[in-house]
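Q: Using the sequences plus the hints, can you model the full thing?
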Amino acid sequence: MKAVGLRKYFPIKGGVLGTTKGYVYAVDNVNITIYKGETLGLVGESGCGKTTLGRVLIDLITPTSGTLMFNGSKSLNNLDGGQFEEIGKEYSEISSNKINEIRQEEKKIIEKYGIKDIYRTKGKKKREFRKKVQIVFQDPVSSLDPRMLIKDVVAEPLYVNKVAKGEKARKMVLDLLSEIGLNEDHLYRFPHEFSGGQRQRIAFARAIITRPDFIVLDEPTSALDVSVQAQILNLLKEMQKKYGMTYLFISHNLAVIRSVSDRVAVMYLGKIVEQAATDDLFEFPIHPYTQALLSAIPIPDPKLKRNRIVLSGDVPSPANPPSGCRFHTRCRFATQLCKEKEPELVETKPGHLVACHYAEDILKSESKLHGIKRSTMDEIEEIEKNLQINNEAK
Amino acid sequence: MQEISTDKFNKEEVVLKVSKLKTQFFVYDGIVKAIEDVSLTLHRGEVLGIVGETGCGKSVTAYSITKLIPDPPGRIVSGQIFLGNLNILRNIDKEAKILTDRKRVKIKRNTRLIKRNELFFNQIRGKYISMIFQEPMAALNPVYTIEDQIIETLVLHKRSYILEVAQGAAKSIDKLIKFRQTMEEDQDINPEKVADLREYKPDIEKDFQGPLKEELFKLADSNKGTVSFLKHLDLLIEEGKIYNKKPQKYDRILNLDRQMDNLRVELLKETDEMKVNSMEKKLANYSKKINLIKLSKQLKRNKKDPIILEARRESFGLLETVNIADAYGILKRYPHELSGGMLQRVVISIALANEPEILIADEPTTALDVTVQAQILEIMRQLQKNRGTSIILITHDLGVIAEMCDRVAVMYAGNIVEVGNVNEVFHNPKHPYTIGLLSSIPRIDNPDKKLKSIPGTVPNLINPPNGCRFNPRCPMAFEKCRIDVPVHIEVSPNHVVACHLFNGTEVSDY
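Residue numbers (this note's numbering), protein chains in the order written: chain C, 685 to 1078; chain U, 40 to 549.
Among the clues, some could well be false.
[As the list claims (entries may be wrong)] For the chain U half of the interface with chain C, some residues (derived, Cβ under 7 Å), not all of them: (1) H375; (2) S378; (3) E402; (4) A406; (5) T410; (6) V461; (7) N462; (8) I480.
[What the hints assert, rightly or not] Here are the simulated EDC-like cross-link-like pairs (lysine to aspartate or glutamate), alpha carbons at most 16 Å apart as the crow flies: (9) U:K489 - C:E1066; (10) U:K491 - C:D963; (11) U:K489 - C:E851; (12) C:K1057 - U:E417; (13) U:K488 - C:E868; (14) U:K491 - C:E1068; (15) U:K491 - C:E922; (16) C:K1057 - U:D487; (17) U:K488 - C:D963; (18) C:K989 - U:D484; (19) C:K987 - U:D484; (20) U:K488 - C:E1068; (21) C:K921 - U:D487; (22) U:K488 - C:E722; (23) U:K489 - C:E1068; (24) C:K989 - U:E417.
These are calculated hints, taken from the structure and not from any lab test.
Just so it is clear, the structure is predicted and the values come from calculations on it, not from any experiment.
Cβ coordinates follow ideal geometry from the N, Cα and C atoms, glycine included.
A: The structure is reproduced here in structure tokens:
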């Protein structure tokens, strides 16, 4: 999957006539590529646009502009995002006229290269796409219809996509439920009879019953307790291995992101500021925001003492983002250049994209990096083993 | 390794002691046994963490200590909570009688006693013990400005100090005006020179005395810039002028407040039951006199009052200590105008307004982003270091516990299952639940770790399992676990576990 030049601006309506007063820059000119079978982690603080990006990628929200190519598109490989990125770059403020201009320019490029853009398809082809992408929402309480039985909840995608019905559908549901740790008794119950972890399992079952290629997991474990979170994470990993699905894992919990993803993208105010392979990003973060973010996570080990970068202030409002680099208001290294010019996402190291004017300099002074090294220590496991042995001896 | 953190606080001095606390909720379906036998000890200057899953009774413990359990449906059934020498649950069994007749449970309340206890406890809550709530938006009243809400606690508990400062300002008003003039001139001549406000300390030492001097020192030390200092001085001068108009009236109020302050201090030390009762009555009557509705009306109309002006100045200073930018502007705002991090700072500043000895923080950072969480934890750490406050930190985030706490208590289904030094509990956990909890969290520094989940879910507390409440989920459960409730056993010094797997001496203080 490849998405280029994605933008989503939510208009702010106001006044008596409901005229548009401004725009919330939720996702602003984002290029993202997700490879088959991988898990891409998407992190960022609340309000940075990660959920919006996830929903735009499966066309749950129609973007203001942008192009999305899903597997099978021939032109996927020989196209780089450059041309799309250039469009509309000179505009600092957006109005409805400018949005139209951006769209028209985009259309020209699409026609020139003969790209199959998902956002511009209709009817049968769109339905085909919908079958292949799915989403699991954050809150398992509100994402399941309280008046539907579990068998209907899970089977609904089958009916909608006309995959199966009747006895066949029932059998598929039953097979899947037993796979994810529920049984036949649960078929005729309502969502409120389940615990949070079970509900999230059901939501996940509903997402994977049509065997989609791509699933957006929008903070699937943030409403759950740690012991249940571990169950769900293990289930997600297991299912991915089994069916070869591709995940976009959205979360603000960096520990979870590190344990599930292959690559990680860090978002700040509607922009991707850093993108790299998981270990590379966590051990050698380059963007000052990523460094601060990593140093802010409390690690559950009282012996560990770390240097901490404490950012001042809050995330600025996405309706009125700072000029130039959006992070310059809170950045340690900010200079005049950062205020004026917006940095581009460039490859600083192989496979490591950073959007910062001083990425090279930061990389050179490697001693100052605030990464988290891998450790293989696992005392807890040993203690558990000893306890087990003692208990058996008793 | 484990000795380091014990040195930080004085082991002898116990500020809060909870023993055999039992809180239940009487609902339609039955009795929810939310807390069954919780004992805790909090030493001076210590940070005690409480961890556990949702519904394990962490918050109920906190609410029980501050007597904020909503009644009905909840009631503290039995137990003792000592603040110093005072048992705040002294007549809890007289407050209500619980009658069980066949299946129904009836509660007969002694309303007069409950009301009196409540009025008395208003004097303690917020002064000696205060609380930071999880949801800052819900903890603040949306229809009052930030200023009103901070002033409320200050006026309730800190009146004598406030009036003393105002009195000081009134007495040395000429010197204050002169001091302000020299400061302003200094800034005009050489803006660089006044960057360090500590240079003014000798001048303050020479000219002022008493609480006023303390306040000015505090301002000079905090070093928040000349603009803020001048603003403080303006307010001080204004309140001094008003005080001077009716000095006798305010002196009289000050005397009364001082008496009450002495009474409160005595109360925490007194052990004689009869005397405690009469003191409680007196304080309860006094608390009746301060009418909150009247107070807020006073805020709106009669702003020319030295108490209110000084309280406003203090709240301005408080907001500065929690690093809010443009603190004076924020005072006039309403809660919905601020972001989550800012609101949590306001809540913290309210909790710390009276410099309490005990601070209970109930999931203070759960609703916040990681970068903001780091800021808030930093503020709490600073305050704890500077003032020596004892903190009970309730959270489900083990990372926060590891970073902030000296000791940690692990709770499961209304019981404390393990208490100990943070290093001990994290690196040498004993209870199977603690082990399960620690091995189920994804570690950012160890991503390849296989996550082990604890099977099953937290039990329903209306019908909790017999014996050890963890036995249905415990991988090591055996016959005895299903029958007997485990007692608390000291496995090593300062490390207490409630589990049948271990042998050791039984302890009741931990």
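Q: Does each hint fit the structure? Answer for all of them.
A: Quick rundown of the hints versus the structure:
1. H375: Because about 15 Å separates H375 (chain U) from the closest Cβ in chain C, which is outside the 7 Å limit, the hint is violated.
2. S378: holds, 5 Å
3. E402: This interface hint is violated because 13 Å lies over the 7 Å limit.
4. A406: violated, 9 Å
5. T410: holds, 5 Å
6. V461: With Cβ-Cβ at 4 Å, under 7 Å, it holds.
7. N462: Holds: closest Cβ of chain C sits about 5 Å from N462 (chain U), inside 7 Å.
8. I480: Where the cut-off is 7 Å and the nearest Cβ of chain C is about 5 Å from I480 (chain U), the hint holds.
9. U:K489 - C:E1066: holds, 13 Å
10. U:K491 - C:D963: violated, 22 Å
11. U:K489 - C:E851: violated, 38 Å
12. C:K1057 - U:E417: violated, 23 Å
13. U:K488 - C:E868: violated, 33 Å
14. U:K491 - C:E1068: holds, 11 Å
15. U:K491 - C:E922: holds, 14 Å
16. C:K1057 - U:D487: Roughly 12 Å separates the two Cα atoms, so the pair holds.
17. U:K488 - C:D963: OK: K488 (chain U) and D963 (chain C) at ~14 Å, within 16 Å.
18. C:K989 - U:D484: Roughly 13 Å separates the two Cα atoms, so the pair holds.
19. C:K987 - U:D484: holds, 13 Å
20. U:K488 - C:E1068: Satisfied, since the Cα-Cα distance of roughly 14 Å is no more than 16 Å.
21. C:K921 - U:D487: The given pair, whose Cα atoms are some 12 Å apart, holds under the 16 Å limit.
22. U:K488 - C:E722: violated, 19 Å
23. U:K489 - C:E1068: holds, 14 Å
24. C:K989 - U:E417: holds, 14 Å
Hint compliance for this structure: hints 1, 3, 4, 10, 11, 12, 13, 22 are broken, all remaining hints hold.
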